[in-house]
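Protein sequences, first through last, are from chains L and W. All residue numbers for the first sequence refer to our numbering, where the first residue is 13 and numbers rise by one. All residue numbers for the second sequence refer to our numbering, where the first residue is 13 and numbers rise by one.
A couple of the hints might just be wrong.
Copies of the same chain look alike in the list, so a pair counts if it fits in one copy or across any two.
Below, in silico cross-link-like pairs of lysine-lysine (DSSO-like), each with a Cα-Cα straight-line distance of 27 angstroms or less [what the hints assert, rightly or not]:
1) Lys139 with Lys340
2) Lys549 with Lys324
3) Lys413 with Lys340
4) Lys49 with Lys340
5) Lys615 with Lys139
6) Lys225 with Lys413
7) Lys206 with Lys49
8) Lys187 with Lys100
9) Lys512 with Lys67
10) Lys303 with Lys49
11) Lys516 with Lys274
12) Lys632 with Lys67
13) Lys413 with Lys512
Just so you know, the hints here were simulated from the structure itself, not pulled from any lab data.
Each chain, written out:
Number of protein chains: 2
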Amino acid sequence: MRKRERNLYLSNVAVEEALGIYFRQLEGILQNLPVEKVQVIEALGRVTAYPVFAKLSSPNHNAAAMDGIAVRAKVTFGASEANPKRLKRNLDFIYVDTGDPIKEPYDAVIMIEDVVEIDEETVEIIKAASPWQDIRPIGEDIVAHEMIVPARHTLRPVDIGALLSGGITEIEVYKKPRVGIMPTGSEIIEPGEKMEEGKIIESNSRVFEGLVKEYGGEPNRYSPVDDDYDLLQERLTAAVEENDIIIINAGSSSGTEDYTVKLIREMGEVLIHGIAVRPGKPAILGIIKEKPVIGIPGYPVSAYFVFETFAKPLIRKYVGQEIPPRPKIEAVVSKRIVSSLKHKEYVRVKLGMVGNKLIATPLNRGAGATMSLVRADGVLIIPQNSEGVEAGERVSVELLKDMEEIRNTIVSIGSHDLILDIIGNLMHRQPGNYHLSSAHAGSLGGIMALKRGEAHMAPVHLLDEMTGEYNVPFLRRYLPDMEVALIKGVKRIQGFIIPKGNPKNIKGFEDLVREDIQFVNRQRGAGTRMLTDYELKRRGIDVARIWGYEREMTTHMAVAAAVASGSADAGVGVLSAAKALDLDFIPIGDEDYDFAVPMQYLKEEMIEIFIKVLQSQEFKEILEEMGGYKLEHTGEIALVRRG
Amino acid sequence: MRKRERNLYLSNVAVEEALGIYFRQLEGILQNLPVEKVQVIEALGRVTAYPVFAKLSSPNHNAAAMDGIAVRAKVTFGASEANPKRLKRNLDFIYVDTGDPIKEPYDAVIMIEDVVEIDEETVEIIKAASPWQDIRPIGEDIVAHEMIVPARHTLRPVDIGALLSGGITEIEVYKKPRVGIMPTGSEIIEPGEKMEEGKIIESNSRVFEGLVKEYGGEPNRYSPVDDDYDLLQERLTAAVEENDIIIINAGSSSGTEDYTVKLIREMGEVLIHGIAVRPGKPAILGIIKEKPVIGIPGYPVSAYFVFETFAKPLIRKYVGQEIPPRPKIEAVVSKRIVSSLKHKEYVRVKLGMVGNKLIATPLNRGAGATMSLVRADGVLIIPQNSEGVEAGERVSVELLKDMEEIRNTIVSIGSHDLILDIIGNLMHRQPGNYHLSSAHAGSLGGIMALKRGEAHMAPVHLLDEMTGEYNVPFLRRYLPDMEVALIKGVKRIQGFIIPKGNPKNIKGFEDLVREDIQFVNRQRGAGTRMLTDYELKRRGIDVARIWGYEREMTTHMAVAAAVASGSADAGVGVLSAAKALDLDFIPIGDEDYDFAVPMQYLKEEMIEIFIKVLQSQEFKEILEEMGGYKLEHTGEIALVRRG
């Protein structure tokens, strides 16, 4: 029996332990970092290897600190308003501009505003000058031989200025480590290449390039290498020659074609394979010919965190710097997060300041959720040996964005619609620099978030089965003690999202029970789900008979994507989602998609800007172009009084 | 009578008003910012001009989320430990690696760990698969047509990754404004050129280059232009053609050769000349051919603040960004700062966390004090219409450094010595990333700072006239209620600093009263001043007879610099200062230069590292090479008990 070869056995070493082992092993290199000479005028952002002492003083001569006249102080003694003194040019004084050298016999400057010009050769003064007044003495700013910057200092523009003023033109800095980035995998294609099924656009290496630059290294990206052992070996051999640090992307897991660990083991040493962290577990820390070689897993979020955890401190050490810890802030978690005792976990969160509470809402935790990195305001670290955090718990979050930006952000939790992106974008063009952050929790989820004081706004579209009225009954029912306003949004067309051409000839809800129809549903609490259930109930259809009823998606676009990929034959959603993926659409009816806002936030400037955008001509035009929406009473405010 | 032509009349417009006037005038340009297409892989740090929507979904196919086998879920139903199911390869299952596409008829993945391989063609499972388990559906990460990044977003590495994954290869970003930087002045020389009297090394333009880059513009520096009206006009005409924003450095004041304002007025329009800010008053805001032209004064600190105040927001607007306000923090001012009602003032401060108080100590406020920018941890802004702040007052400080770094800094206030720089530098090489910040206030000033709880440490060298003992008596006298330790430092040789060759034949204190001798003194409270006064008193010399006795410098190096420049014939100071400027030295005697530290800080890790450095072999070797010091009991700790 031939067994398929797999590296099934990953260890589960704690992050800190792995860092300790790896950096101890690299100590020899890290204590003898290469240094190079560069021109000071090109040294911005570089890190000094040694302290730098001034060669020249600045100013390098006694200099006039003002425009005026240089005089001998003794000659001016006794001058007063009652007894002005006249001075002769080139005998008693000379004219000087700021910065001009002051030399013997002159030892004071009188500013021009205090000088009365009598004729071309004569001036009059009415106040004596004290010796050395308004003269910048030699070395006032920088004295030769004083230290301008210490070692291990990252040079800023002002440092460059001071170094040049101190007569320094060349400077010794740590050499930028050359970081070889080797994307591998037969399934990857380069950006812009034709997309075919089963292919993935290679993007991790481009993220690494950017991060290497930001941390002070020099990225050296190679073309992607196919999953071919001999080829990989040849390329890795070259990369080890050509770089200081080598990053191999993907092939670090335990799949059949994951050669990386085998390669590193054969060519050098694998110190760690498998780290107690999520995302990022299959990382490899190795050394080949005394050079660090890091195997980074392929999922983009794993790739990012493994880079940040291991490659970043390594690059920073090469340029003589420790990593300053990211600024941290205390926040309240809006949802329960369950984590495993087995690993440390990095949870990306959106942050929002609601009232005086900073709320952290976890984003998609998947290792492949690139967009969770794009959208994250911070990272919540759940330590190994913790089972997670409860909703409402206070946690410490590493900030990825500026607190000012977070404070200027409307936290919207509730039903998702594409128009939220459009509104957010239009808000950016308004004064005040306000943002809209939207988390998708369904309409009811949004109302619950308002109840817990965790959102400024909940987008809702909830149909009351009894009255046929939208939204207001639900706000009365679920927020009985809260004064809340409903900002009228849009009328939205809901319908079946089906493949182009309707190949299975779906006409309505009755078709969903057919054996050949696979449905895709929305999550409980979503307005669309409630509409679906309402329509099914009305027709007396047993949901147990619908194939795929239990498959839940959290956005319209995810439903559309399931249909587009052929994994479902129908779902319920909005026209814009169907149009976006070029699918067909069978309308079911209009619904009211509105925004619930507690009264206390209604007068905040960012909410006012939000309303202004809703009412704008530009917003109207964009929606008309998109189709699927009607604007009626948009931007009007209805107060919700108790039932 | 021919009058020398001067621009005597500067206005005094408030900063905010000036910004308002200028940006209103530039509104036309700022609302039609040029946009360019760039490759996404080269777009790091660029700012999006429009929102960017995904072209492709990611993943672009349903994909295996694990290594394992793809199956039809229905076929697995009923499998259990009691009743395992056998599956046939290529009929019931296929092997898949993470990321492989999952296509009809397969609709679930079972991870390899849950699969028992029977032979090459057969596997056994003991658990049913649910439909769509361990499959990443198409669009799970990014759905085609969803917004990846909004407009006016600065692209980070993770954004680049998401854009590429979303099928975007080109992107429209705001064009980097080309910023022409024109240094002017007949007195300036380029770095590396031979220094001659009256010359100044041109460094401002290099600071501007760095700042322009940091803020997202493209610097375009010109060679320095002499103060020649026609030449300046020719060069400015070209610069206006070639750039989006033009900066003319110096020539913005009211001196005879300050042509800038005249030039801008003739070629375009001067909107503001003279701003109520210090440093930076003579700034010019002008427009030529619809392009902003900013005249920036020559003093480096003025130049920096005028750039930050006017050029920075302008550059940021060109790239579609507002400036986020600098992070601010509350601190206690350690010294009174008097400021004028007439202008806003930017005071550079050192910050230090002493106990639980954040202390702000003002640095040199001169417009020429480049080193105050290099050393600053923050900027304290004193508003126009304020007369300044009192010692002990709580103020808000804009941070220039990371708070973590500030927390890890020993705040040393007291007598200055070159060895402080050396110790600080050696501390950097120790673990823990600790810093030493030293403010020069003289020995007594340092003791007073300890008393007020504003420093961790005071370097002192105070001779008790009665006992001949150093330092301890003063700590007993001035800190009677404080438990304080004295860390023994070095024996330091004090003496006369005199010009090379001793041209005036100075032999001792008696010579200081000679008519041809100009003395330079240290400030009151400095140990060296007390030594000087002690020796003069002992000899019965009347200080009123010493020319220059009232001219006070605050450091040894400043005294040496005065002697080196010929503005003084003698001063008292340490050997190292004399050697640094190649001057002669007549020893007076040794003194004890020690470090007073309140007991409560003695056990802090950063103080322990400080002591470790004092005791190190490396420190000893450096001091031996410098000369002028003896090491006796260095690093030992003496407790000071009440007398």
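Structure-based check of each hint:
no.: 1; hint: Lys139 with Lys340; in the structure: neither (58 angstroms within a copy, 44 angstroms between copies)
no.: 2; hint: Lys549 with Lys324; in the structure: neither (56 angstroms within a copy, 62 angstroms between copies)
no.: 3; hint: Lys413 with Lys340; in the structure: both (11 angstroms within a copy, 16 angstroms between copies)
no.: 4; hint: Lys49 with Lys340; in the structure: neither (37 angstroms within a copy, 36 angstroms between copies)
no.: 5; hint: Lys615 with Lys139; in the structure: neither (61 angstroms within a copy, 56 angstroms between copies)
no.: 6; hint: Lys225 with Lys413; in the structure: both (19 angstroms within a copy, 21 angstroms between copies)
no.: 7; hint: Lys206 with Lys49; in the structure: between (45 angstroms within a copy, 21 angstroms between copies)
no.: 8; hint: Lys187 with Lys100; in the structure: neither (60 angstroms within a copy, 57 angstroms between copies)
no.: 9; hint: Lys512 with Lys67; in the structure: between (76 angstroms within a copy, 18 angstroms between copies)
no.: 10; hint: Lys303 with Lys49; in the structure: within (23 angstroms within a copy, 39 angstroms between copies)
no.: 11; hint: Lys516 with Lys274; in the structure: neither (49 angstroms within a copy, 80 angstroms between copies)
no.: 12; hint: Lys632 with Lys67; in the structure: between (66 angstroms within a copy, 24 angstroms between copies)
no.: 13; hint: Lys413 with Lys512; in the structure: neither (42 angstroms within a copy, 58 angstroms between copies)
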